[in-house]
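A.B. asks: Sequence:
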Amino acid sequence: MGELIQVLNNPIYAIVVTKGRYKHTHLGVKVGGPADEYAFHIANQLVANTPYTNMIELNFPHLKLLFSTTISIAITGAKCEASVNNESINMWQTIDMKAGDTLNIGKFITGLRVYIAFANGLDIPYKTQIVDDIKLKVKDIFKLRNPKIVTNKRLKKNLVPKYEDSLTLRVMLSYQHKEFDDTQIKRFFDSKWIVSQQINRMGYKLEGEALKQKKDGIISQGICFGAVQIPKDGQPIVLLKDRQTIGGYPIIGVVLDVDCFSLSQTVPSTKVKFRQISFKEATAISKKFYSHFL
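Position 289 of the sequence shown, counted from 1, bears residue number 646 in the numbering used here, the numbering being contiguous throughout.
Certain hints may be false.
[Said to hold, decoys possible] Here are the simulated DSBU-like pairs of lysine-lysine, each with C-alpha atoms no more than 35 Å apart in a straight line:
1) Lys514 - Lys500
2) Lys644 - Lys543
3) Lys387 - Lys569
4) Lys571 - Lys513
5) Lys589 - Lys543
6) Lys535 - Lys513
7) Lys572 - Lys514
8) Lys496 - Lys644
9) Lys376 - Lys637
10) Lys510 - Lys589
11) Lys510 - Lys549
12) Lys380 - Lys562
13) Lys513 - Lys376
14) Lys645 - Lys628
15) Lys645 - Lys519
16) Lys380 - Lys455
Everything labelled a hint here was simulated from the structure, so no lab data went into it.
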């Protein structure tokens, strides 16, 4: 059968993710990439991969894979029911698979996205990956790129995210915060926002006391990762990896990239607070984060 994995069920939404499509937004192409880069990078480290080696991102429960060869894998992200040949396995560590083994990802307990990394990754041409999202469906067969067994590793417990029911997002105010008076800015930071049902890889809409802006809209502009748009209904939208490339709502601020990764794992009804930080603080935090992986 060769060095392959086969998809045995029809997952609701599972995709192959890699670095993303940078330097193409001026052409109207979304960036994409892993929604939760912390879980993504840790998974690659657990199987000794180079940074941004591709893997599977599972956005809803239930995925079953059949392996035709021996290979080390790692499962990170949302806490879930995971098993090999119906025997429970632990997440956030290296797992050795054998030919004929079946991996099953079941119910999610906390969190929203699961990552499955393979030693050396899936053998998919890079150009194929960046043209469009590769969505998994039943009977799909993926070739593995030089599969191997690596030294087993386990992430320390204190480094495993808990995905709790409340989250603080650090925000840098944008120049367009001037579209809101001091009362609205104070409300933005003082309010306890709730994650709504309107969430996906594109963005998270929050619910709370509506913010009022001075204008009904602005000329469409480029949008960065973590931008917080305030549409006409006054409910903030935090834009994430699959965001559109331009938008016509005022941007009150930008959420720190590291916190966006955490936000992407939250579920509806999670409580959210915003806390202001400076550009200098944000840069230092982001540099420290990526220094562990790149």
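A.B. asks: Give a verdict on every hint.
C.D. replies: Taking the hints in turn, this is what the structure says about them:
1. Lys514 - Lys500: Roughly 33 Å separates the two Cα atoms, so the pair holds.
2. Lys644 - Lys543: Holds: Lys644 and Lys543 sit about 29 Å apart, inside 35 Å.
3. Lys387 - Lys569: holds, 29 Å
4. Lys571 - Lys513: With a Cα-Cα distance of about 49 Å, the restraint between Lys571 and Lys513 is violated, given a limit of 35 Å.
5. Lys589 - Lys543: holds, 18 Å
6. Lys535 - Lys513: With Cα atoms ~44 Å apart, Lys535 and Lys513 exceed 35 Å; violated.
7. Lys572 - Lys514: Outside the cut-off at roughly 48 Å; violated.
8. Lys496 - Lys644: Outside the cut-off at roughly 41 Å; violated.
9. Lys376 - Lys637: The hint holds at about 25 Å.
10. Lys510 - Lys589: violated, 49 Å
11. Lys510 - Lys549: Not satisfied, since the Cα-Cα distance of roughly 39 Å exceeds 35 Å.
12. Lys380 - Lys562: Given pair Lys380, Lys562 holds - Cα atoms ~26 Å apart, limit 35 Å.
13. Lys513 - Lys376: Holds - the C-alpha atoms of Lys376 and Lys513 are around 25 Å apart, at most 35 Å.
14. Lys645 - Lys628: Cα-Cα ~26 Å, so holds.
15. Lys645 - Lys519: Status holds; Cα separation ~21 Å.
16. Lys380 - Lys455: violated, 39 Å
Taken one by one, the earlier hints fail for this structure at numbers 4, 6, 7, 8, 10, 11, 16, listed in ascending order.
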